[in-house]
Structures are given as C-alpha cells and as structure tokens.
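A.B. asks: Sequence:
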Amino acid sequence: MSTDTRQGGQNQQPTGTKGPTRNTGPTGTVPTAVQRGPARLAGMLWLVWRQHRAAFLTLIAVTAVAVGLMAYLRADLMGFLASENTSAPTPDQTDSFESHAQRMWSVGEYLGYLPLLIGVFIGAPLFAGDLETGTARLVTAQSVSRTRWIVTKLALTGVVVAALTALLSAVFGWWWRPVSHRDTMSFTSGTFFDNTGIVPVALALLAFSVGAAAGLVLRRTLVSMVATLGIVAALQVVWSRFRLDLGTILTAESRGTAGQELPDPKLPSGAVETGEGTGFLTGSGERLDWMTCLSETEDTARTACLQAKDIVGLWKDYLPISQMPTMQYLGAAIILTLTAALTTCILLRGRKQPL
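The sequence shown maps to residues 8 to 362 in our numbering.
Hints are supplied without guarantee of correctness; some may be wrong.
Claimed, not checked - Label pairs and their calculated CB-CB ranges:
| hint | residue 1 | residue 2 | range |
| --- | --- | --- | --- |
| 1 | L354 | F87 | 46 to 54 Å |
| 2 | A61 | E283 | 49 to 57 Å |
| 3 | P275 | G197 | 15 to 23 Å |
| 4 | S152 | V233 | 28 to 36 Å |
| 5 | F249 | G290 | 33 to 41 Å |
| 6 | A177 | R57 | 23 to 31 Å |
| 7 | L354 | G292 | 54 to 62 Å |
| 8 | L88 | A311 | 45 to 53 Å |
| 9 | L88 | I256 | 25 to 33 Å |
| 10 | L354 | T281 | 35 to 43 Å |
| 11 | S152 | P275 | 54 to 62 Å |
| 12 | K273 | L52 | 50 to 58 Å |
| 13 | D317 | F87 | 47 to 55 Å |
Just so you know, these hints were derived from the structure itself, not from any lab.
For each residue, glycine too, the CB sits at the ideal point set by N, CA and C.
Please take these sequences and the hints and turn them into a complete structure.
C.D. replies: So, in structure tokens, the structure goes:
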C-alpha cells in the first residue's frame with residue numbers, strides 16, 4: 008500500500024460517525040459566552056462606599072423610618088380634614104387639629120437638626136478619618152490621584168446626602184401643604200420654610216461641605232466634628248435672621264371714618280404679618296405707627312387725638328405665601344453658591360497640602 012493511501016486512511020472518519028460539532032459565527036469564529044450580572048460599585052466608588060457604609064446605611068434607615076412616620080401621620084391628618092366641619096368647628100375639632108399641628112411641629116423641629124448632624128457625623132470624618140489613619144497616603148500612593156480621591160468622596164457622599172434630604176423634604180411638604188394656609192402653620196417659620204422645597208437640600212450640602220473642609224484642614228476627626236458643630240450652628244442662626252429678607256413685603260390697608268372704630272386690614276389666606284403690628288393711616292396716605300396717641304389714657308382724649316391727626320384707616324405689612332417658592336429658590340441659590348465656593352477651596356487645598 009502506498010504512503011498516500013495510508014495517510015488518506017488515517018485522515019478519514021468512519022462512515023456513519025460524527026465528531027463533536029461547534030457553533031461558529033458568520034466568520035467561522037467561536038463566540039465567547041458573556042455572563043452579565045448586576046452592576047456593582049468598583050474602584051474608588053467601592054472604596055468610599057465601604058469606608059462610610061455604616062454612616063450611609065444609618066442615614067438611609069433613619070430616612071426610611073421618617074418617611075413611613077410622616078406618611079402615616081399625613082393619612083391621619085387627611086382623615087381628620089375629611090370629617091372636619093369647617094363652617095362651624097366644634098371645640099373638640101379645634102383641639103384635635105391642634106394635636107395634629109403639634110405633631111407636625113415636633114417632626115419639623117427634629118428634621119431641622121438634620122443638616123447639623125450631616126455636617127458633624129458625615130462631613131467631618133470624610134477626609135479627617137483618612138488623614139488621621141494614613142489611608143489617604145496609602146490610596147494616593149497607588150494609581151489614584153489626589154483630585155480623583157477628593158472628587159469621588161465628595162461626589163458619592165454628596166449624592167447620597169442630597170437624595171435622602173430631597174426625599175424627606177418632599178414627604179414633609181406633602182404632609183404640610185393641605186394645612187399650610189392655617190394661622191398656626193406660618194410658612195415663614197423655620198420648621199416649614201427650612202424643611203420643604205429645595206432649602207433643606209441646600210442647607211444639608213452646605214453643612215456637609217463645612218464638615219469636609221474642617222476635616223481636611225484640621226486632620227483630626229474629633230476636633231473636626233467639634234469645629235463643624237460650632238460653625239454650622241452659627242450659620243443656621245445667621246440664616247434664620249436673614250430668611251425673611253428674601254421676600255418682598257406688601258401692605259394691606261383698610262379705611263373707615265375718622266372718629267369711629269376702624270376695620271382691621273384683611274390679609275390673604277396663608278399670609279404672615281411682619282413688622283411691629285397694625286399702624287394708622289391718615290387721609291393723605293401717611294403711615295403712622297401703632298403708638299400714635301397712645302399717651303392719651305382716656306378714650307375721649309384718644310379719639311380726639313386721632314381725629315386731629317386725620318386718622319382714617321389702618322395698615323399692616325405682610326408676606327404672602329405665594330412668595331414662598333421664590334424666597335426658597337433665592338435662598339437656596341445663595342447657599343449653594345457658598346457650597347460651591349467651599350468645595351472649590353477643598354479641591355485646591357487637597358491637591359497641595361501634604362498628606
């Protein structure tokens with residue numbers, strides 16, 4: 008038998024048998040199996056999450072409990088409002104509403120501490136912990152730049168803080184809105200103004216950035232927390248005094264007959280009286296304060312004094328509730344501008360200071 012015949016016999020497969028087959032693509036290549044799983048954090052995002060996981064999960068848990076509580080209390084409030092006889096409220100109904108209002112005020116006061124707690128327990132340890140333990144030097148000694156380290160920690164933590172604060176703000180506003188026009192629910196109060204809309208998000212981010220900056224500069228966690236506590240508390244005091252200046256004060260007037268009892272000016276629903284109270288209005292339109300003719304102790308003498316000054320009406324300064332969104336957006340813009348400036352300082356200092 009020739010050599011060619013023997014080789015051919017070796018290369019042939021027996022008739023009726025099949026070798027293993029493989030699926031090939033159009034080009035004859037074998038496709039590689041791709042396993043897809045849920046997306047997970049990786050790299051610096053994973054590291055930041057692991058470092059601050061306890062704080063993040065605590066904040067998430069507190070938010071979940073608060074949202075559930077406010078949703079329950081709102082349902083209770085709406086049930087009361089549905090059964091309330093607004094045309095002739097009974098004393099029992101009045102007392103019942105006061106209990107609902109007191110719950111809302113209490114929850115709002117607790118929410119008001121949230122920016123301070125975020126600054127102290129989340130912002131201050133953000134960089135101070137890494138600097139104090141040497142983790143910052145270890146991370147940046149590998150393939151991670153200082154800028155990436157700073158930006159990742161600020162961004163991930165800031166997103167968590169903003170998202171959870173926005174959720175709390177939305178739910179608290181949803182609870183308060185059905186009774187926002189009632190006299191005891193003044194929108195200018197910090198309980199409602201600072202805990203609804205965009206304002207609480209801005210305040211939380213400012214407190215967070217203050218804490219982060221303190222940690223980066225002081226490099227010690229406990230010292231940074233104490234410093235953040237004092238700075239954020241001072242900022243909240245300044246904000247509470249500045250808040251009402253964001254609105255445009257309007258004036259309500261009423262006119263009557265000189266020498267007779269003058270009607271009280273009527274304010275729009277939900278409006279809040281500002282200033283020192285009701286003043287007097289003369290026939291020429293001049294505004295006199297409420298102490299006019301107050302030195303006259305007898306009614307006849309006081310009436311004669313008012314007639315002599317040509318008092319024909321009363322006036323009141325007020326802020327309408329319709330200005331609340333504008334005031335909140337303006338205030339939030341100022342706060343977020345300060346936050347952005349502080350964040351820029353953190354980036355610049357973090358890139359230069361020794362670790």
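A.B. asks: Decide, hint by hint, whether the structure agrees.
C.D. replies: Against the structure, the hints come out as follows:
Look at L354 against F87: about 51 Å separates their beta carbons, and that is inside 46 to 54 Å. In this structure the supplied range 49 to 57 Å holds for A61 paired with E283, their Cβ-Cβ distance being about 50 Å. Separation of P275 from G197 is about 22 Å and conforms to the stated range, judged on CB atoms against 15 to 23 Å. As the Cβ distance of S152 to V233 is approximately 31 Å, the hint placing it in 28 to 36 Å holds.
The hinted range of 33 to 41 Å is satisfied by F249 and G290, whose Cβ atoms lie roughly 37 Å apart. At roughly 29 Å, the beta carbons of A177 and R57 sit within the given window of 23 to 31 Å. Taking the beta carbon of each, L354 and G292 are about 56 Å apart, inside 54 to 62 Å as hinted. Our hint of 45 to 53 Å for L88 and A311 holds, since their Cβ atoms are close to 49 Å apart.
Restraint check, L88 to I256: a C-beta distance of roughly 31 Å satisfies the suggested window 25 to 33 Å. Taken as a hint, the range 35 to 43 Å holds for the pair L354 and T281, whose Cβ atoms sit roughly 41 Å apart. At roughly 56 Å, the beta carbons of S152 and P275 sit within the given window of 54 to 62 Å. Range check, K273 to L52: Cβ separation about 57 Å, and the 50 to 58 Å hint holds.
Checked against the hint of 47 to 55 Å, the pair D317 and F87 passes, with Cβ atoms roughly 49 Å apart.
Going through the hint list in order, the structure satisfies each hint without exception.
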